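Fit chain B to the supplied structure of chain A, relying on the hints for placement.
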Amino acid sequence: MHRTLTAGLAALILGLCLASLTLGPAPISAATATRALVQDLGPASVIVREIRLPRTVLAVLIGWIFGLTGAALQGLLRNPLADTAVFGAPQAAALGAVLVLYFGLVGALSWALPAAAILGALASIALVVMVAGRETTIVVLVLSGLAVGSLAGAATSLAISLSPNPFAVTEIVFWLLGSLEDRSSVHVLLAAPFIVLASALLLLAAPGLRALALGEETAASLGVRVGRLRLMVVVAAAIGTGASVAVAGSIGFVGLVAPHLVRPLVAHDPARALVPAGLAGAALLLAADCAVRVIPSGAEVKIGVLTALLGVPFFLWIIARRKADLADIPA
Amino acid sequence: MSALAAVNLQVRLGWRTVLHGVTLALEPGRLTAVVGPNGAGKSTLVRALAGLVVPSGGEVTWRGSALRAMQAGARSRALAYLPQGGTVAWPLPVRDVVALGRIPHGERPGALSREGAAAVERAMAQVGLKGFEGRPVTELSGGERARTLLARALATEAPILLADEPVAALDPRHQLIVLDVLRQRARAGAIVAVVMHDLALAARFADAVLLLDRGAVAAMGPPAEVLTERRLRESFGIEARVTMADGDLVITARGPSSGPDFP
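Protein chains in written order, with my numbering: chain A, 2 to 332; chain B, 13 to 275.
Bear in mind the hints are in silico, worked out from the structure with no lab data behind them. Predicted model only: the values in this text are computed from it and were never measured. C-beta atoms are modelled at their ideal positions from N, C-alpha and C, and glycine is treated no differently. Treat the hints with caution; some may be incorrect.
[To be verified] Just so you have them, the derived chain B footprint on chain A, three or more residues with Cβ under 8 angstroms:
| id | region |
| --- | --- |
| 1 | 210-218 |
| 2 | 223-230 |
| 3 | 265-279 |
Next up, chain A with everything else stripped away, as it sits in the complex:
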């Protein structure tokens, strides 16, 4: 069952990758796009390799780490509403990136950019956890996340407005709503190492997350070092989110939705849900990135708008369905 699911999701991602390589203003067929990757076909190769491949790879990487992070955070906090987006981490990561970028500290293609975004994400998660306290309910956690996210979003807009920047509005829109448009292979290189690191940490946490289904004390009695596990997941979540936001702006709700799609198919095991959730996240973000290119509009629809349009109703649906038990579950 598990293997079939993984294989099915991988096939879906491959199909969506192919679609992503063929979609755009220049009409290139799937066959040509595949050939253009490996052979030099002139302009077709330039378009496929330099324009469409980076955004496709980024959609896969970012979708993967968001899905994986969402599943790990939900497992850690034993709660289906947990996600970096719910904790305001993408907005805070965007703020970190914007601060170093718009005050001229670094160029747009520097390692300092993901580093600042990671610090921003870490600060927001730490702040939310600090305000909410250790023994808290998910309601408190979500409320503090909402506050931190709004604050970071406002601070981002302010920072861009204050910087000597003629394109401030466009830039604010990019950082707050996210986009994979016009990304290059340099962006892929900036994000990939961090995403690989975060993935490794999260996958290492898998056995501990399984035991945590029984609560912190029982997990500890089963030999899990809960404090170390919590630190590992939180740091990995910040690294993955920060690196992603640094190259694509804040994209939310993929991590919230993806785990729910796969959990019933892995018997709700928080450990076995990780990889399928990552793959589902990759498929979701790829599909969204294909959709923004197909939706007829003047300028391309921002991908963060689409993920929020789909993700927020989903979030509300989970709240409505689990209202009764969300009231008193400690996070």
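Chain B in isolation, oriented as in the chain A frame:
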């Protein structure tokens, strides 16, 4: 030397000292009932014995060496702990929840050794969960869920079993079944300690009763020596009649005591 022992164990939670120097020894082959009024420190004592809280003084030892110095993995194989009123976060099937008890042995649901699978089956059968294997644990009644979590602790097959109120949510029939299982575990050589409120059940099933009162051991010994009318008055604040009938201890509570300690 084979006992699980505490020497002058002190535990502070926040500013409050919950255990004031508890000294005791739990022997293999015996079922010990830990009793005491609300807030006496029973749960804290069991958590400290399980190595889950850092004592502010004293030490817990097993087979002569400090429990907290043991590797986490080795300790989890030696000691199974069942917290009070546990819940499961996800709608996992009952069999998978019970299989989580095999984690200390490096096994997991869906990848159990032959021995592990047998332990899981045995644990489920012992607490009467036959036919529940595939049911989502979140859809069970309180008592069924409590038995599932107990089966999880049993499935570890650890030489020490510490259970915090394992029968509180159970109907009378399952209380008897579960306590009998725990006593069998003890008879097979395990150290078993069970926090419970039902003094009649404690008197009936336990080999030894540990009476905890205000964070200290008020008495420890055979049920008939510990559960006396005077101690029930002093520690629990109840007026009770304790008699022997056909070799069984019969405790009849008649009403709450009144006095300076119990306004």
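At a Cβ distance under 8 angstroms, does chain B reach at least three residues of the region 223-230 of chain A? It holds, with 4 qualifying residues against the three required.
Against chain B, does the region 210-218 of chain A show at least 3 residues with beta-carbon separation below 8 angstroms? holds (count 7)
Tell me if chain B covers the region 265-279 of chain A under the three-residue, 8 angstroms CB rule, please? Per the Cβ count (6), the hint holds.
Hint violations for this structure: none, all hints satisfied.
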